[in-house]
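10 protein chains.
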Amino acid sequence: MLYLVRMDVTLPEGQSPEERAELLAREKAYSQDLQRDGRWKEIWRIVGEYANYSVFDVADHDELHGLLAGLPLFPHMRISVTPLATHPSHI
Amino acid sequence: MLYLVRMDVTLPEGQSPEERAELLAREKAYSQDLQRDGRWKEIWRIVGEYANYSVFDVADHDELHGLLAGLPLFPHMRISVTPLATHPSHI
Amino acid sequence: MLYLVRMDVTLPEGQSPEERAELLAREKAYSQDLQRDGRWKEIWRIVGEYANYSVFDVADHDELHGLLAGLPLFPHMRISVTPLATHPSHI
Amino acid sequence: MLYLVRMDVTLPEGQSPEERAELLAREKAYSQDLQRDGRWKEIWRIVGEYANYSVFDVADHDELHGLLAGLPLFPHMRISVTPLATHPSHI
Amino acid sequence: MLYLVRMDVTLPEGQSPEERAELLAREKAYSQDLQRDGRWKEIWRIVGEYANYSVFDVADHDELHGLLAGLPLFPHMRISVTPLATHPSHI
Amino acid sequence: MLYLVRMDVTLPEGQSPEERAELLAREKAYSQDLQRDGRWKEIWRIVGEYANYSVFDVADHDELHGLLAGLPLFPHMRISVTPLATHPSHI
Amino acid sequence: MLYLVRMDVTLPEGQSPEERAELLAREKAYSQDLQRDGRWKEIWRIVGEYANYSVFDVADHDELHGLLAGLPLFPHMRISVTPLATHPSHI
Amino acid sequence: MLYLVRMDVTLPEGQSPEERAELLAREKAYSQDLQRDGRWKEIWRIVGEYANYSVFDVADHDELHGLLAGLPLFPHMRISVTPLATHPSHI
Amino acid sequence: MLYLVRMDVTLPEGQSPEERAELLAREKAYSQDLQRDGRWKEIWRIVGEYANYSVFDVADHDELHGLLAGLPLFPHMRISVTPLATHPSHI
Amino acid sequence: MLYLVRMDVTLPEGQSPEERAELLAREKAYSQDLQRDGRWKEIWRIVGEYANYSVFDVADHDELHGLLAGLPLFPHMRISVTPLATHPSHI
Numbered sequence: 001m002l003y004l005v006r007m008d009v010t011l012p013e014g015q016s017p018e019e020r021a022e023l024l025a026r027e028k029a030y031s032q033d034l035q036r037d038g039r040w041k042e043i044w045r046i047v048g049e050y051a052n053y054s055v056f057d058v059a060d061h062d063e064l065h066g067l068l069a070g071l072p073l074f075p076h077m078r079i080s081v082t083p084l085a086t087h088p089s090h091i
Numbered sequence: 092m093l094y095l096v097r098m099d100v101t102l103p104e105g106q107s108p109e110e111r112a113e114l115l116a117r118e119k120a121y122s123q124d125l126q127r128d129g130r131w132k133e134i135w136r137i138v139g140e141y142a143n144y145s146v147f148d149v150a151d152h153d154e155l156h157g158l159l160a161g162l163p164l165f166p167h168m169r170i171s172v173t174p175l176a177t178h179p180s181h182i
Numbered sequence: 183m184l185y186l187v188r189m190d191v192t193l194p195e196g197q198s199p200e201e202r203a204e205l206l207a208r209e210k211a212y213s214q215d216l217q218r219d220g221r222w223k224e225i226w227r228i229v230g231e232y233a234n235y236s237v238f239d240v241a242d243h244d245e246l247h248g249l250l251a252g253l254p255l256f257p258h259m260r261i262s263v264t265p266l267a268t269h270p271s272h273i
Numbered sequence: 274m275l276y277l278v279r280m281d282v283t284l285p286e287g288q289s290p291e292e293r294a295e296l297l298a299r300e301k302a303y304s305q306d307l308q309r310d311g312r313w314k315e316i317w318r319i320v321g322e323y324a325n326y327s328v329f330d331v332a333d334h335d336e337l338h339g340l341l342a343g344l345p346l347f348p349h350m351r352i353s354v355t356p357l358a359t360h361p362s363h364i
Numbered sequence: 365m366l367y368l369v370r371m372d373v374t375l376p377e378g379q380s381p382e383e384r385a386e387l388l389a390r391e392k393a394y395s396q397d398l399q400r401d402g403r404w405k406e407i408w409r410i411v412g413e414y415a416n417y418s419v420f421d422v423a424d425h426d427e428l429h430g431l432l433a434g435l436p437l438f439p440h441m442r443i444s445v446t447p448l449a450t451h452p453s454h455i
Numbered sequence: 456m457l458y459l460v461r462m463d464v465t466l467p468e469g470q471s472p473e474e475r476a477e478l479l480a481r482e483k484a485y486s487q488d489l490q491r492d493g494r495w496k497e498i499w500r501i502v503g504e505y506a507n508y509s510v511f512d513v514a515d516h517d518e519l520h521g522l523l524a525g526l527p528l529f530p531h532m533r534i535s536v537t538p539l540a541t542h543p544s545h546i
Numbered sequence: 547m548l549y550l551v552r553m554d555v556t557l558p559e560g561q562s563p564e565e566r567a568e569l570l571a572r573e574k575a576y577s578q579d580l581q582r583d584g585r586w587k588e589i590w591r592i593v594g595e596y597a598n599y600s601v602f603d604v605a606d607h608d609e610l611h612g613l614l615a616g617l618p619l620f621p622h623m624r625i626s627v628t629p630l631a632t633h634p635s636h637i
Numbered sequence: 638m639l640y641l642v643r644m645d646v647t648l649p650e651g652q653s654p655e656e657r658a659e660l661l662a663r664e665k666a667y668s669q670d671l672q673r674d675g676r677w678k679e680i681w682r683i684v685g686e687y688a689n690y691s692v693f694d695v696a697d698h699d700e701l702h703g704l705l706a707g708l709p710l711f712p713h714m715r716i717s718v719t720p721l722a723t724h725p726s727h728i
Numbered sequence: 729m730l731y732l733v734r735m736d737v738t739l740p741e742g743q744s745p746e747e748r749a750e751l752l753a754r755e756k757a758y759s760q761d762l763q764r765d766g767r768w769k770e771i772w773r774i775v776g777e778y779a780n781y782s783v784f785d786v787a788d789h790d791e792l793h794g795l796l797a798g799l800p801l802f803p804h805m806r807i808s809v810t811p812l813a814t815h816p817s818h819i
Numbered sequence: 820m821l822y823l824v825r826m827d828v829t830l831p832e833g834q835s836p837e838e839r840a841e842l843l844a845r846e847k848a849y850s851q852d853l854q855r856d857g858r859w860k861e862i863w864r865i866v867g868e869y870a871n872y873s874v875f876d877v878a879d880h881d882e883l884h885g886l887l888a889g890l891p892l893f894p895h896m897r898i899s900v901t902p903l904a905t906h907p908s909h910i
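Chains as they are written, first to last, in the numbering used here: chain X, 1 to 91; chain E, 92 to 182; chain U, 183 to 273; chain Y, 274 to 364; chain V, 365 to 455; chain A, 456 to 546; chain R, 547 to 637; chain P, 638 to 728; chain Z, 729 to 819; chain C, 820 to 910.
Read the hints as simulated data drawn from the structure, not as lab findings. All C-beta atoms in this analysis are idealised placements derived from N, C-alpha and C, irrespective of residue type, glycine included. One or more hints might be untrue.
As the list claims (entries may be wrong) - Quick list of in silico lysine-lysine cross-link-like pairs, DSSO-like style, CA-CA up to 27 Å:
#1 V:Lys405 / A:Lys483
#2 V:Lys392 / A:Lys483
#3 Z:Lys769 / Z:Lys756
#4 A:Lys496 / V:Lys392
#5 P:Lys665 / P:Lys678
Stated by the list, open to error - So, partial list: chain C residues that the calculated Cβ filter (under 7 Å) puts toward chain E:
#6 Met820
#7 Glu868
#8 Asp876
#9 His884
#10 His895
#11 Pro902
#12 Thr905
Unchecked claim - Stretches of chain Z that chain P covers, calculated by requiring three or more beta carbons in the stretch to come under 8 Å of a beta carbon on chain P:
#13 788-794
#14 806-815
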C-alpha cells in the first residue's frame with residue numbers, strides 16, 4: 001500500500017559538527033536500507049527547502065509508523081502522511 | 092526534470108450526464124496518452140478526495156504548463172506544483 | 183486497518199424537498215449497511231455542524247476510497263482522511 | 274458524553290534519558306488507568322506524528338478538563354477538543 | 365454545561381423581501397424563546413459582521429446540537445462550538 | 456462596553472516552582488480583584504487548553520488595554536480581543 | 547474611540563449597470579456624510595484590491611456597528627474591526 | 638518604484654466564447670501597451686495556475702492602483718501587491 | 729505616499745531590566761522623532777496585544793524600509809506593510 | 820529556466836558581532852558572485868521585512884537547489900520556490 005510522506009527537518013542547535021555528521025550518516029544509512037528493500041520507493045528533495053517528499057510501499061499503517069518513528073531524524077522532523085489509492089486513469 | 096503536482100477537481104454544476112461523461116472521457120484519454128509517452132510518470136488518487144498527486148517528467152517549466160493548461164478539466168481544477176530535485180540519500 | 187474520516191456536507195441549492203429527502207434516505211441506508219457489516223465502525227455528529235467524524239475499518243486504501251466515493255452525498259462533501267496506527271499505550 | 278481529543282506532543286529539550294523515561298512511564302500509566310475505568314475510550318497513534326486522536330467518555334466538561342490537565346505530558350502538549358453528538362444515521 | 369458558540373450568517377441570494385423577513389422573524393422568535401427558558405444565556409453581535417457570539421447552558425452535547433440544528437437560519441450559517449469549563453480563578 | 460477576550464498562556468521555561476507559584480498567585484489575585492469590581496464579567500477555561508475566554512465590561516479601549524497589559528501573565532500570553540455590540544434578538 | 551476597519555467588497559453578479567451605479571452612488575454619499583461629521587476619520591484604498599482600510603471615531607461599539615450595518619454595500623462586504631488604544635509613544 | 642504583483646484569475650461562468658475571447662484580447666492588449674511603455678516590467682505565468690507574477694515600475698501607489706483597477710480582468714482577479722525596495726546586496 | 733504598517737513585538741528573553749529599559753527608551757525616542765518630522769503620521773496600540781498599527785508618509789519604498797530597519801526593536805518585530813492609495817470616496 | 824524565490828531570514832541568537840558580520844559578508848559575496856554570472860537575475864528587499872524576493876535563471880532544479888543550499892544563511896532561512904513559465908501576453 002502506498003503513502004505520500006512529506007518530511008521537514010529542523011536540526012537541533014548546539015550539536016557539535018561530529019554529532020551532526022554522525023546523526024546525518026545514520027539517517028542516510030537508514031533511508032538507503034529501506035530504499036534497497038523496496039519499502040521506501042521514492043525520495044525527492046523539495047527545491048530550496050530542507051525537506052523531502054517520499055513514497056512508501058508497506059503492508060499497513062503500523063508498519064509505516066514504525067519505519068517513520070525509527071528515523072534517526074524523527075525527533076527533529078515535522079511529518080505529514082497522505083494515503084494513496086489507485087487512480088482510475090492509471091495505465 | 093521532475094515535478095510533484097496536486098490537482099483538486101470541482102466539476103461544474105448544471106452539466107448533463109452526457110456532457111460530463113464526455114468531459115471525463117477526454118480527460119482520461121489525455122492523461123493516458125501522457126502516461127504512455129512517459130511524461131506523466133505517476134498518478135495516484137488521494138483517498139477520500141476528488142484529487143490526485145502526480146509526478147511529471149518534462150524538459151522545462153513551459154512544457155509542464157502547456158501540458159497542465161491543456162487538461163480538459165483544467166478550468167475546473169486547483170493545481171499546485173512543487174519542483175523536485177535529486178535527494179542526496181537517493182540510491 | 184483504521185482511518186479517521188471527517189466529512190463536511192454542503193447540500194446543493196435548488197433541490198426539491200423530495201429530491202433532498204430521497205438523497206438523504208439513500209445516504210442513511212448506505213451508511214447503515216456499512217455500519218452493519220463492521221467497516222464503518224463509528225459515526226459521530228460534530229456538535230453544531232453539518233459534519234461527522236467517522237472511523238472506518240477496511241483492508242486497504244483502495245477499499246476505503248471505493249466506499250467513500252460511493253457515498254450518495256460524496257459530490258457534496260469535503261472529506262479528509264487520517265490513517266490511524268496502534269498506540270503504544272493502548273491496552 | 275463523548276469528546277474527540279487530538280494531542281500533539283513536543284518533548285522538552287535538555288531532559289536526561291532517565292527523566293524522559295520516567296515522564297513517559299507516568300504518562301502511560303495515567304492513560305492506561307483511564308482506559309481501564311472506561312473514560313479514555315479510544316486512543317490511536319496518528320501515523321508519522323508524535324500525536325494521537327482519542328475519544329473520552331466523561332460526565333461533563335469539567336471532568337474532561339481535569340483529566341487532560343492532569344496528564345503528565347500536559348505542559349508539553351497542544352490539545353484540541355471536539356464535542357461529539359449522536360449521529361442520526363448511527364445504528 | 366456551558367458552550368461558547370460563534371455563528372456566521374450568509375443569507376441565500378434570490379429570496380424575496382417577504383421570504384427574508386419571515387425567515388428572520390422566525391429566527392428571532394426561536395432565539396428569544398431559548399433566551400427566556402435560560403438555555404441561550406448570552407447573545408452578542410460581533411461588531412461589523414453578520415455574526416454573533418453566544419453562550420448556551422444545556423444538559424449535554426445532544427441537546428445543544430438539537431437546538432442549533434433547529435435554528436431557522438441553520439442552513440445558512442457556519443457554526444463553531446467551544447466547550448467551556450470552570451476557571452480556577454473564577455469567584 | 457463589552458469585549459470578548461481570548462487568552463492563551465505559555466509559561467516561561469526555567470522558572471523555579473516558587474517563582475511560578477508566586478506568579479500564578481499574583482495573576483489569580485489580579486483577576487479576582489477585577490471580577491469583584493465588575494469589570495472582568497466572565498472567565499471560562501477552554502476545555503483541554505491552558506487558555507480562557509473572558510468578557511470584560513469597561514469604559515473604553517484604553518481602559519481595557521491597561522487592564523490586560525497589567526496582567527502578571529501578560530508577557531506570557533497571546534491575547535485576541537473582539538468588540539461586542541448589542542444583538543437585535545437580545546431580550 | 548478609534549477603530550481600524552478593513553472592508554473587502556464583492557459586488558453581486560447579475561446587476562444591471564444602472565443598479566450598480568445607483569448602489570455605488572449611495573455608498574459614496576453615505577461614506578462622505580460620515581466623513582463630514584467626523585466619525586469616518588480616514589479612508590484609504592488598498593492598492594490593487596477592491597478594499598479599504600478606514601478609521602472610525604465613535605462613542606461606542608453599538609454606534610460603530612450601526613454605521614457599518616447601514617452601509618449600502620454591507621451585504622456585499624467582508625468586514626473586520628480592530629479596536630485601537632492610545633500608544634504610549636504617541637506625541 | 639517597484640512592486641511585485643500576483644494576479645489570480647477566475648473567469649466568470651456563463652460567458653459566450655465570443656465574449657470571453659473579446660475580454661481576453663482586451664486584457665492582452667492592455668498588458669502589452671503597459672509592457673511597451675515600461676511600467677509593466679515583467680510578467681510570468683505561475684506554472685500550473687491561471688495566475689501570474691508581475692513587476693510594475695510606476696511613480697506611486699495611486700498610479701499602480703489606477704493601472705490595476707483598469708485591467709479588463711480586474712473584476713475577475715484576486716490581486717496582492719508587495720512593495721519592493723533596493724536590496725543591499727544588489728549589484 | 730502612505731503605508732499602513734503593523735508591528736508585532738516579541739522582546740528577547742534574558743535581558744536585564746536595565747538593558748530592556750534602555751532599548752525601549754531608544755525605541756520611543758526614535759518613534760517620536762519621526763512623528764515630529766511628520767513621516768510617522770499615526771501610531772495606535774492594538775488593544776490587548778504588544779503590537780501597533782501605524783501610518784507612514786514617506787517619499788518612496790526605500791525611505792520606508794530604511795526607517796523601519798533602523799528601529800531599535802526591528803530585530804524583535806514582525807512587520808507587515810500595506811501600500812495605501814487615494815480612495816475615490818475620500819473628501 | 821526562471822524561478823521566483825522568497826527568502827525569509829531569522830538570524831541565530833547568541834552570535835558575536837564579529838561572527839555575524841563575517842556571516843553576512845560571506846552571504847553578500849556569494850549573492851554578488853551569482854548576480855555577476857547571471858544566475859541570480861534579480862534581488863529585491865521586501866519593505867519592512869528581513870526577507871527578499873529573487874529571480875533565478877538556471878539550467879534545472881538540481882542546479883537551483885545546489886545554489887540555495889550553498890547560501891551561507893541557508894540554515895537560517897525559510898525559502899519558498901515558484902517555477903515561472905512564459906506568459907502568453909509577454910512581449
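For each hint, the structure was consulted:
1. Between V:Lys405 and A:Lys483 the alpha-carbon distance is near 26 Å, which keeps this suggested pair within the 27 Å criterion.
2. Between the alpha carbons of V:Lys392 and A:Lys483 the distance comes to roughly 39 Å, so the proposed pair goes past 27 Å and is violated.
3. This hinted pair checks out: Z:Lys769 and Z:Lys756 have alpha carbons roughly 15 Å apart, not beyond 27 Å.
4. Restraint check: the Cα-Cα separation between A:Lys496 and V:Lys392 comes to about 26 Å, which is no more than 27 Å; the hinted pair holds.
5. For the hint linking P:Lys665 to P:Lys678, the alpha-carbon distance of about 15 Å falls within 27 Å, and the restraint holds.
6. The criterion of a C-beta within 7 Å of any C-beta in chain E is met by C:Met820, whose closest approach is roughly 5 Å, and the hint holds.
7. For C:Glu868, the shortest C-beta to C-beta distance to chain E is roughly 24 Å, which exceeds 7 Å, and the interface hint is violated.
8. Checking C:Asp876 against chain E by beta carbon gives a least distance of about 11 Å; that is not within 7 Å, so the hint is violated.
9. Against a cut-off of 7 Å between C-beta atoms, the interface hint on C:His884 holds, since the closest Cβ of chain E lies about 4 Å away.
10. Interface restraint check for C:His895: the shortest CB-CB distance to chain E comes to about 20 Å, outside 7 Å, so the restraint is violated.
11. Interface hint at C:Pro902: satisfied, since its Cβ lies 5 Å from the closest Cβ of chain E, which is below the 7 Å cut-off.
12. Evaluation of the C:Thr905 hint against chain E yields a held restraint, the C-beta minimum of about 5 Å falling below 7 Å.
13. Counting residues of the segment 788-794 of chain Z whose beta carbon lies closer than 8 Å to any beta carbon of chain P gives 5, which reaches the threshold of three, so the coverage claim holds.
14. Counting residues of the segment 806-815 of chain Z whose CB lies closer than 8 Å to any CB of chain P gives 5, so the stated coverage by that chain holds, three being the minimum.
In this structure, the earlier hints numbered 2, 7, 8, 10 are contradicted, and the remaining ones agree with it.
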